[in-house]
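Novice: Sequence:
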Amino acid sequence: MKEKLLYFVKRGKNAGIVLTPHLYEDGFFRAYKTNSRNDPNGKEGTRVTNESDLISLVRSGYHVRMSNPMKGHAPSTVKPEIITE
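With positions in the sequence shown counted from 1, the corresponding number in my numbering is that position plus 44.
Calculated directly from the structure, the hints in this document are not laboratory data.
From a predicted model like this one, the values you see are computed outputs, not experimental measurements.
Restricting the straight-line Cα-Cα distance to at most 27 Å, the calculated cross-link-like pairs of lysine-lysine (DSSO-like) are:
id: 1; residue 1: LYS115; residue 2: LYS54
id: 2; residue 1: LYS77; residue 2: LYS54
id: 3; residue 1: LYS77; residue 2: LYS87
id: 4; residue 1: LYS87; residue 2: LYS123
id: 5; residue 1: LYS87; residue 2: LYS115
id: 6; residue 1: LYS48; residue 2: LYS115
id: 7; residue 1: LYS123; residue 2: LYS57
id: 8; residue 1: LYS87; residue 2: LYS54
id: 9; residue 1: LYS77; residue 2: LYS123
id: 10; residue 1: LYS48; residue 2: LYS87
id: 11; residue 1: LYS57; residue 2: LYS115
id: 12; residue 1: LYS54; residue 2: LYS123
id: 13; residue 1: LYS123; residue 2: LYS48
Working from the sequences, and respecting the hints, build out all of it.
Specialist: What follows is the structure in structure tokens.
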């Protein structure tokens, strides 16, 4: 079975919405060592083309940009310890 990263929004007007890794227009997912504003690699972070590589980064402690465009939830940086595999 293919692993997938998920985050369930816990509070606010979007509570209960499921977020998945955000795929940018350039075809990359983005992960960050810290939050996206303070990352040593800048706003681009670490870019990967598939979710398997993204899972490896999460397991190494990277934060991930996650969204749900169908529900109108823009990309948010999510900490690795609250992401579900």
